[in-house]
Structures are given as structure tokens and as C-alpha cells.
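Q: Given next are the chains, with one letter for each unit.
There are 4 protein chains.
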Amino acid sequence: MPDPLVIADREFSSRLFLGTGKFPSNEAMRDALETSGTEVVTVALRRADLSGEGDPYANILEFIDPERYLILPNTSGAMNAEEAVRLAKLAAAAGLPKWVKLEIHPDPTYLLPDPIETLKAAEILVKEGFTVLPYINADPVLAKRLQEVGTATVMPLGAPIGSNRGIATRDQIRIIIEQATVPVVVDAGIGAPSHAAEAMEMGADAVLVNTAIAIASDPQRMGRAFQMSVEAGREAYLLGLPEESDTASATSPLTGFLKR
Amino acid sequence: MPDPLVIADREFSSRLFLGTGKFPSNEAMRDALETSGTEVVTVALRRADLSGEGDPYANILEFIDPERYLILPNTSGAMNAEEAVRLAKLAAAAGLPKWVKLEIHPDPTYLLPDPIETLKAAEILVKEGFTVLPYINADPVLAKRLQEVGTATVMPLGAPIGSNRGIATRDQIRIIIEQATVPVVVDAGIGAPSHAAEAMEMGADAVLVNTAIAIASDPQRMGRAFQMSVEAGREAYLLGLPEESDTASATSPLTGFLKR
Amino acid sequence: MPDPLVIADREFSSRLFLGTGKFPSNEAMRDALETSGTEVVTVALRRADLSGEGDPYANILEFIDPERYLILPNTSGAMNAEEAVRLAKLAAAAGLPKWVKLEIHPDPTYLLPDPIETLKAAEILVKEGFTVLPYINADPVLAKRLQEVGTATVMPLGAPIGSNRGIATRDQIRIIIEQATVPVVVDAGIGAPSHAAEAMEMGADAVLVNTAIAIASDPQRMGRAFQMSVEAGREAYLLGLPEESDTASATSPLTGFLKR
Amino acid sequence: MPDPLVIADREFSSRLFLGTGKFPSNEAMRDALETSGTEVVTVALRRADLSGEGDPYANILEFIDPERYLILPNTSGAMNAEEAVRLAKLAAAAGLPKWVKLEIHPDPTYLLPDPIETLKAAEILVKEGFTVLPYINADPVLAKRLQEVGTATVMPLGAPIGSNRGIATRDQIRIIIEQATVPVVVDAGIGAPSHAAEAMEMGADAVLVNTAIAIASDPQRMGRAFQMSVEAGREAYLLGLPEESDTASATSPLTGFLKR
Numbered sequence: 120m121p122d123p124l125v126i127a128d129r130e131f132s133s134r135l136f137l138g139t140g141k142f143p144s145n146e147a148m149r150d151a152l153e154t155s156g157t158e159v160v161t162v163a164l165r166r167a168d169l170s171g172e173g174d175p176y177a178n179i180l181e182f183i184d185p186e187r188y189l190i191l192p193n194t195s196g197a198m199n200a201e202e203a204v205r206l207a208k209l210a211a212a213a214g215l216p217k218w219v220k221l222e223i224h225p226d227p228t229y230l231l232p233d234p235i236e237t238l239k240a241a242e243i244l245v246k247e248g249f250t251v252l253p254y255i256n257a258d259p260v261l262a263k264r265l266q267e268v269g270t271a272t273v274m275p276l277g278a279p280i281g282s283n284r285g286i287a288t289r290d291q292i293r294i295i296i297e298q299a300t301v302p303v304v305v306d307a308g309i310g311a312p313s314h315a316a317e318a319m320e321m322g323a324d325a326v327l328v329n330t331a332i333a334i335a336s337d338p339q340r341m342g343r344a345f346q347m348s349v350e351a352g353r354e355a356y357l358l359g360l361p362e363e364s365d366t367a368s369a370t371s372p373l374t375g376f377l378k379r
Numbered sequence: 120m121p122d123p124l125v126i127a128d129r130e131f132s133s134r135l136f137l138g139t140g141k142f143p144s145n146e147a148m149r150d151a152l153e154t155s156g157t158e159v160v161t162v163a164l165r166r167a168d169l170s171g172e173g174d175p176y177a178n179i180l181e182f183i184d185p186e187r188y189l190i191l192p193n194t195s196g197a198m199n200a201e202e203a204v205r206l207a208k209l210a211a212a213a214g215l216p217k218w219v220k221l222e223i224h225p226d227p228t229y230l231l232p233d234p235i236e237t238l239k240a241a242e243i244l245v246k247e248g249f250t251v252l253p254y255i256n257a258d259p260v261l262a263k264r265l266q267e268v269g270t271a272t273v274m275p276l277g278a279p280i281g282s283n284r285g286i287a288t289r290d291q292i293r294i295i296i297e298q299a300t301v302p303v304v305v306d307a308g309i310g311a312p313s314h315a316a317e318a319m320e321m322g323a324d325a326v327l328v329n330t331a332i333a334i335a336s337d338p339q340r341m342g343r344a345f346q347m348s349v350e351a352g353r354e355a356y357l358l359g360l361p362e363e364s365d366t367a368s369a370t371s372p373l374t375g376f377l378k379r
Numbered sequence: 120m121p122d123p124l125v126i127a128d129r130e131f132s133s134r135l136f137l138g139t140g141k142f143p144s145n146e147a148m149r150d151a152l153e154t155s156g157t158e159v160v161t162v163a164l165r166r167a168d169l170s171g172e173g174d175p176y177a178n179i180l181e182f183i184d185p186e187r188y189l190i191l192p193n194t195s196g197a198m199n200a201e202e203a204v205r206l207a208k209l210a211a212a213a214g215l216p217k218w219v220k221l222e223i224h225p226d227p228t229y230l231l232p233d234p235i236e237t238l239k240a241a242e243i244l245v246k247e248g249f250t251v252l253p254y255i256n257a258d259p260v261l262a263k264r265l266q267e268v269g270t271a272t273v274m275p276l277g278a279p280i281g282s283n284r285g286i287a288t289r290d291q292i293r294i295i296i297e298q299a300t301v302p303v304v305v306d307a308g309i310g311a312p313s314h315a316a317e318a319m320e321m322g323a324d325a326v327l328v329n330t331a332i333a334i335a336s337d338p339q340r341m342g343r344a345f346q347m348s349v350e351a352g353r354e355a356y357l358l359g360l361p362e363e364s365d366t367a368s369a370t371s372p373l374t375g376f377l378k379r
Numbered sequence: 120m121p122d123p124l125v126i127a128d129r130e131f132s133s134r135l136f137l138g139t140g141k142f143p144s145n146e147a148m149r150d151a152l153e154t155s156g157t158e159v160v161t162v163a164l165r166r167a168d169l170s171g172e173g174d175p176y177a178n179i180l181e182f183i184d185p186e187r188y189l190i191l192p193n194t195s196g197a198m199n200a201e202e203a204v205r206l207a208k209l210a211a212a213a214g215l216p217k218w219v220k221l222e223i224h225p226d227p228t229y230l231l232p233d234p235i236e237t238l239k240a241a242e243i244l245v246k247e248g249f250t251v252l253p254y255i256n257a258d259p260v261l262a263k264r265l266q267e268v269g270t271a272t273v274m275p276l277g278a279p280i281g282s283n284r285g286i287a288t289r290d291q292i293r294i295i296i297e298q299a300t301v302p303v304v305v306d307a308g309i310g311a312p313s314h315a316a317e318a319m320e321m322g323a324d325a326v327l328v329n330t331a332i333a334i335a336s337d338p339q340r341m342g343r344a345f346q347m348s349v350e351a352g353r354e355a356y357l358l359g360l361p362e363e364s365d366t367a368s369a370t371s372p373l374t375g376f377l378k379r
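Top line first, the protein sequences correspond to chains A, B, C and D.
If you count the first sequence from 1, you need to add 119 to reach this note's numbering.
If you count the second sequence from 1, you need to add 119 to reach this note's numbering.
If you count the third sequence from 1, you need to add 119 to reach this note's numbering.
If you count the fourth sequence from 1, you need to add 119 to reach this note's numbering.
Hints are computed from structural coordinates only; laboratory data are not their basis.
It should be emphasised that the depicted structure is a prediction, and the values quoted were computed from it without experimental measurement.
Among these hints, one or two may not hold up.
All copies of an identical chain are treated as equivalent in the list; a pair is satisfied when it fits inside any one copy or across any two copies.
Listed next, the in silico SDA-like pairs over lysine to any residue satisfying Cα-Cα at most 25 Å (straight line) [stated by the list, open to error]:
{"hint": "1", "residue 1": "K246", "residue 2": "N199"}
{"hint": "2", "residue 1": "K239", "residue 2": "P225"}
{"hint": "3", "residue 1": "K239", "residue 2": "R284"}
{"hint": "4", "residue 1": "K141", "residue 2": "P225"}
{"hint": "5", "residue 1": "K239", "residue 2": "Q266"}
{"hint": "6", "residue 1": "K246", "residue 2": "V125"}
{"hint": "7", "residue 1": "K246", "residue 2": "R293"}
{"hint": "8", "residue 1": "K208", "residue 2": "E242"}
{"hint": "9", "residue 1": "K263", "residue 2": "E201"}
{"hint": "10", "residue 1": "K141", "residue 2": "L358"}
Make the full structure from the sequences, and use the hints.
A: The structure is reproduced here in C-alpha cells:
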């Protein structure tokens, strides 16, 4: 596989992760996963059919082929480390992979992650053998500390979940990427293919997208659009982009022809 | 052809225009044109082999298949309307298509276009039967006036030529797109796939890229990266992107599972 | 006078120009002019009491002391050069100073200026002995051409009139300032003291503010706030600001004390 | 006192805090403090003359009148909570006020603060009776947690220390301000009066500035420039600024006069 993304010794050829919320139906979600080319799909644990109760999306796991996709349970809804750890364990007990996207956001308005509880839960889960992918504010020091306790990635936010504001935390993301020893996955805020491309051009290892695909008029086509932009951004990063310049630089010659 | 770009009754399936300056060789340029999927290639007139004189790139036209690409002569190097008109006519006399990318930039530092001379030359060239694509500052009123004299597109700059600063003139480009009755091609400043995608997401009809592809370590692969980002941006525009929001919007449910 | 602004041989100690539209009353306007310290006040010609007809603001000139302020008639409402020239002459004939803020904006939605008509009117008015201050898009080439025909300043927009978006045209304004041989007055878009300060820090010679002062809950106090920010920005420009840096630079020592 | 800033029951009339690093001399610093109008001056503990050893700035405290200014010792140089607590106690033991600007930045390149250690130290110091002003990344959840343990302010960064990039963390700062129950002091990154004004316009309670004043060609005058911009921004916040708008809004009437 050329240029694979490697997380905890597992290789992925796609660098686009997908969330599964907000789709009009499980069928629409399944189709978008397919065209997007994604190989990592995150699922809120409540939605997973662990209990058999009444959520219309409860059978969501039937629509995600575990042979094809890594199902990444997330702890969305957890208010603190204890709840997050409990959720992760329930998922593993129910047979889901022992991977977890760690999300702890006590704030209901902006859904911003709690750095203290996230580090605490990460330490516990790493020790218990989980592969931990923590969702964090774009905080380079926190990112380092999480790496040090053994998380498999860091997942800094570009902007608040569902805000579609792109890479508003550009300066901090740049530092996180520069200092990271694990893959950096930009999560939250990515509301357009140009945002995804920019994250990849900056050197992010992957991006996670949900809202913009799920609520598009055609999630399938939008999934493919994001996949193309992720590939384009990754290619540009690998090939090297020109620096910004304050002055212009002629692409066409300015003299000659007319002067003859 | 689904979703074609139509300029002066000619249909194009690609929305990526390429410039031909700065490539390491004519061969490298030819290969990048091919992978980029472009159908419109702009050539500085001096480079075109109209005179047989000593420019090492003088035989550039031998590397651009006129059956496959629209060769779009540009008037780069013209300081005023008179020079631009003269250049356009020389190109037509030499057998090039009667299309012209009108560029008049008296300023050697920033290569910014002259609005007065550009309008003047556009009027003359339209009357003489040319299909005129004028390069302009991101000036909505000028864009309107050019349309009124009959130009086939308007080509506002995102940022100065070769600056790679992206869509720095975002607000003005948005107004130009909103008011345009001819295709809007964003030209200059596009230094990364994310910039190209953003222009397309805003509703631009096409973009012109040169430097970032020409000077990449592998122009062929970079050409393909830009093509993907242009397609991604166009798709996103057609499908509709979510609005930016000040608050977050949960993609995963916040309640339930844990409470049971 | 230390650091005076000189326009057409007239010296001003304040670098804040004020517009007179949108105030709750002529009295409120008069008071705001006073606290703002401004010395240049622009008035839409229709409002000036040239005709005696029914506009409730028609007596606006009675509220602006011509000994204290330069009254700068503007041609707002003119759709082309001819109308602008006519308006300027009417104002002069009515006894107003032979200065004119040249505004020609045919577009009613964004009120963006017309580069062609503005240059045409400027040429005529300069020849007829007017001191001409043209309102323009942030177009460096146009700015140069206006200087060449003899305008006393150039007044590029930061963003559309009344949009309060600040210096959205940053890159172009920077080039205009770098190349200008006449004072550069940033006009339109300045909706907060920070915007005014930024324009001055970039090296603009003055700014024009209207909406943000006129519609404030207390125009007098807001006028003073803008005056302070203009002074602060000017001082910073004169004294020199540090460059932006990608890395941090310690202001406090990192070693020593703790190690002893 | 109108509109005082109140921190831990102490009132301040100035909303500009000053750092004391990088000045050309202690005399220059003293003079800049005076013209800036500041009432809160932060001092790196190593510099304070606690030991009598050889730092040429070691006698810095002799240049800061404790009757006039609150001397705010900072823990710059501390790598973790333990070191920070130790530094704060040493300062108090040496007779400095029992206030502390808590800075813990293990990263020598960007000097970014450590959220975990900062919260830990804050808890300890609050319990021991210190008035704690923690320097933090622009992390709304961390800000909330610090308030909950009893810090007197939160001091989120606009951009890394000494980077002069302004309020790059705009979106997060806005959320912190919205949710704060203690004063928000924007610290780090403020490199120009326009940055200080913007922070205040957003509703920050105060700003801390150091580099831009200390290294100016004339720190005294630059101190005054910042003070003016802080006042201007505060006034604008209190009086209310207009919203940004996508369309223009005429300040001058567009009809009438010409039509008569």
C-alpha cells in the first residue's frame, strides 16, 4: 500500500474518517460510507445495538460492514472520565473493537472537550489495553501529554463540532503536527472539502468529517467529494506547496515579444 | 456532458485552467496538462513560436495538442490597451484561436491589472470578434462593465500572481459571483488545492492555476491533485454546504445510553 | 503641529474623518464631531441646504462650523462621471469649499465605486481646480492612475460601505500604501476602533468612519473612542511594531531562579 | 471609579496589564509603566531581587512603586505544578503580594501552557490563600474548571507569547468570555494596539502586553498608545458596535438632489 496511514500497527489507505450522526437514514449512511472510501467509521455507543431498545438508529451496526470498516466506538455523551471508561468497556464487552474515540464534553452548547478528564480517561484506557484516539481542543501541550501516556493518535478540533468553520485553530494545529509522534487527525469543524484539503496540506495525517456529508442533499456524492479533497490535500503535502509570498512572481514573461 | 462549463458556446468538462509558465521543461508541462484533465491552457504570446527566435520555450506550442486543449493566448507583458490589442491580433494572424486572456499589468512588482486599459482593450477586441477573458482585480463594478461590453468571462484575482495566498479577496469575489452573468474564473493567488476547492465552493465557474503545479516536485501528480480539488469543490457547491455556525451542533447523541 | 496630515497644502492634526449620515439628529452629530476631534467632515450634497426643500436634515450645514471643520462635500448618489461633476460644481457654486469626496457607485446593493467613471470625473474636476479625494475599490493600479491625474488623496475601501467588516482588503491596501505618493485614507468598512487602529498601523494616513459612530448608543463617546484608536494606531506605526513570528519568544526568563 | 475592573475585591481603573521583560533598561520600563497608566505589573520571580545574585535586572523591584502598582509575580520558568507552587511561595515569603500569575510552560519553543499542571497548581495555591491568575491556552472547558477551583481570573492566550499574531484564537476567546464568571484577561500574542482594542471590543476585561511595548523605539510612547487602544476598545464594547453585514448600507442618501 503506498503512503498508508498507520495507527496502532493497523494500516489504512484512506485518510478520511466518517462520523455516523445526522444522516437521513441508515441506508443513506451506508451508501455514503461506500463512496467516500473511508475505512474508519465512528459510532456513538448509544446508537450501537448493545441494548436492543428503541432508538430507530439502534441497529446502525447492521449497516456497517466490520470486514470493510474499522468501527470506532466513541464515548460521546460522557461527562467525565468515569463515564467514558464505562462506555468504552461496555462497547468492548459487546464485541466491538477495543478501539475508542475518547470524547468527553461536559459543555452542552459548544461540545468542547475537557482536557483534564480526557487525559485521565486516556491513562486508564491505555492501561487496559484500549487503542485510544482522544478528541481534544487544539492544545499542543495536552497533545504531547496524551502521546506520552500512550494514545494512538491525537484528534484536535479545527472548530467546535458542527460549526463548519474549518481550521480556525490553524496556528495551534500547526504546532501539534510539528511536535506529534503519533498521527494527528483533525476532528470537528470541517464543513467543506476545502477545509479537509487545508488540514491535509498542513500535514495532518487524517480528518474526520460528519455533518457536511450527512446533511448534504446527496450524502453519497458529498462523501466522494470529501474523499477527493483529502487525497488532493495529501498529495499536495507530499509534493510540497510553494510558500506564500508578499510580492507577485511572474508566471508569464514580461518582455520580449512586444519589443521586437 | 453533465455540468459542463460553457464559455462563448464552447463546452468544457474540466473547470481547471492551466498556465504554462515556470515548468522545468516543456515535456514536464505536457505531462502535467494531461494528468490535470485541463481543457484550457493559457500561453504567453512571446513563448508561442510566432517568430522562430531564440526562446528555449519558443516551441511550446508543439507540446500542446490543439485538438485536445483550447490554447488561450494571453497578453502578458502588455502595458496598455494598444499593446494588448496588438498582441492579440498577432496571435490570431499566426493561426491561434481568436480567444484571448486579456492581461494588462503595468506594475512590475505585483503584476496587478489595470482596470482602465483592460476595459478599453476589451471593448476593441470584442468588436473585432475576439472571445475575451479579462484578468482583473476583484472589482465587482469593473466585472459588470466588462460583461456589458461583451467579454466571455471575468477572471478576478484571488491574490497577486505567484503569491500563493489563496482567496484573499473573498468578499469581493463573492459579490462578483453573485452578480455575474458570464462565467467567473478565479485567477492568480491559487497556491494550494484547498484554495482551488474554496473558490469552487463559493460558486466560481472555474479556476486558473500555474505556479503551484509548475514548480511542484512532481507537476504531473500535482496537476491531478488540483483537478481532484476542483471537482470536489464543484460537487460541494452543487450539493450545498452547511452554513457556518457560532455554536456547536451535536452529531452524536448526548443522552440515553449512559442513563439506562 | 507635530506629525500633521497634509492634503493639498492644508494641515490637519486629526487623522479621523467623519461622515454625517445615520445620526439620530443633527445635534447628536454636532456633539460627536466635537468629541471625536475630527477636522474633516464629509456631507452628502443632497443634505446640504442648497435647495431649501424638505429634507429634515437639509439644514445639516448649520450644525458644522466651517471655521473648525473642513466641510468635504461628497457626490454620493452620482451614477456616473457626469452626475458627479455636476454635483461638485453645484456645491462649489453654493459656497462650499472646492474640495470633493468623489463617490460614484452605480450599484445600489453594495455601493461599490466605479473605477472608470471615477477616473474620468477625477480628471475633469482636477482640471477645474477641485481638490479631489476619490473613493475607490482597493485597487493599487487605479490608485496610481488617480494620483497621476492629480487627486489629493486616494480613499480605498476596507470593505463595502456600512458592512463593518474592517480591513478585509488588507493585502491590496498594503500595496496601495507602499506605492502611494499622496495620502491614503481608508474609507468604508471600518466598524470598530480596532479596525481604525489596524489601518493606521499599516501606514494609512487617515481613516473615515461613519456608521459605527452614528448609530452607537452614545455617538459622542464613540467618536472619542475612535479618535483614541486612530491616535494609538498612528503612534504604533511611527514607533514601529514587532513583526509577527511563528515561534514564541520568551518575555520572562526560563532558567535560573528555580535551579539554584 | 466609573467602570472599574474588579479582581478579588480589588478595583483597578486601568485594563492594561504590563509585563516587564525585554525592556532596554529598568529605567525605560519604569517610564513606560507610568505613561501606560497600568496598575498591574507582572514580574518574573527570578528577576525580583529575592536572592541578591548577579542578574543585571535583579533590582527590578526598586523600579516598580508598590503603592502605585500591584506587583504580580509570575511563575515563568516553572515546568510543573510543584515548581510553580514553590515559586509562588518564595515570592510571598519575600514580601511580595500573595497574588500570582500562574505560568507553567514545559515547552521551550512555543511557551504554551500545560493545562493539567496549571489546574493542579491553581487548586493548591487557591487553598493556600493565593489570588491566582492562570495563563492558559484558549480552552473554554479549562477556563471553567479553573473558575470552579477559585481562580480570580482566567488569562487565555491570543497567540503564543512573543508571536505578535493578535487574537488568533478568536472563536475560543469568544466562548470563554461568554461563559466566564471571573474577569477574562487576554494574555500573549497582543502585538499591536489594534489587537488590544479587538480583545476589549470582544468583551475581554483586560489585556496583558509586554513585547510590543518593551522593544518599541520609544516604550513610553508605545505604552500610552496601548492604553488609548484599550480604552477605545472598552468604550466600544460598552457602547455597542454594529454587527458585520454582508451587504452595504448607505450612509449617504442615494436619491433626491440629482433628480430635482
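Q: Work down the list of hints and note, for each, if the structure agrees.
A: Each hint tested on the structure:
1. When the C-alpha separation of K246 and N199 is checked against a cutoff of 25 Å, the pair qualifies both within a copy, at 18 Å, and between copies, at 24 Å.
2. Both within a single protomer and between protomers do K239 and P225 lie at most 25 Å apart by alpha-carbon distance, with minima of 15 Å and 19 Å respectively.
3. With identical chains, the CA atoms of K239 and R284 are never at most 25 Å apart, being 29 Å at best within one copy and 32 Å at best between copies.
4. In this homomeric assembly, K141 and P225 come within 25 Å of each other (Cα to Cα) only inside a single copy, at 21 Å, whereas the closest approach across copies is 40 Å.
5. In this assembly of identical chains, the alpha carbons of K239 and Q266 lie at most 25 Å apart whether taken from the same copy (13 Å) or from different copies (20 Å).
6. For the homomeric pair K246 and V125, the shortest alpha-carbon distance inside one copy (21 Å) is at most 25 Å, but the shortest distance between copies (45 Å) is not.
7. When the C-alpha separation of K246 and R293 is checked against a cutoff of 25 Å, the pair qualifies neither within a copy, at 29 Å, nor between copies, at 37 Å.
8. In this homomeric assembly, K208 and E242 come within 25 Å of each other (Cα to Cα) only inside a single copy, at 14 Å, whereas the closest approach across copies is 31 Å.
9. Taking identical chains as interchangeable, the C-alpha atoms of K263 and E201 lie at most 25 Å apart whether they share a chain (22 Å) or sit on different chains (19 Å).
10. Taking the closest pair of Cα atoms, K141 and L358 come within 25 Å of each other only across two copies (16 Å); inside a single copy the shortest separation is 35 Å, beyond that limit.
Hint violations for this structure: numbers 3 and 7, all remaining hints satisfied.
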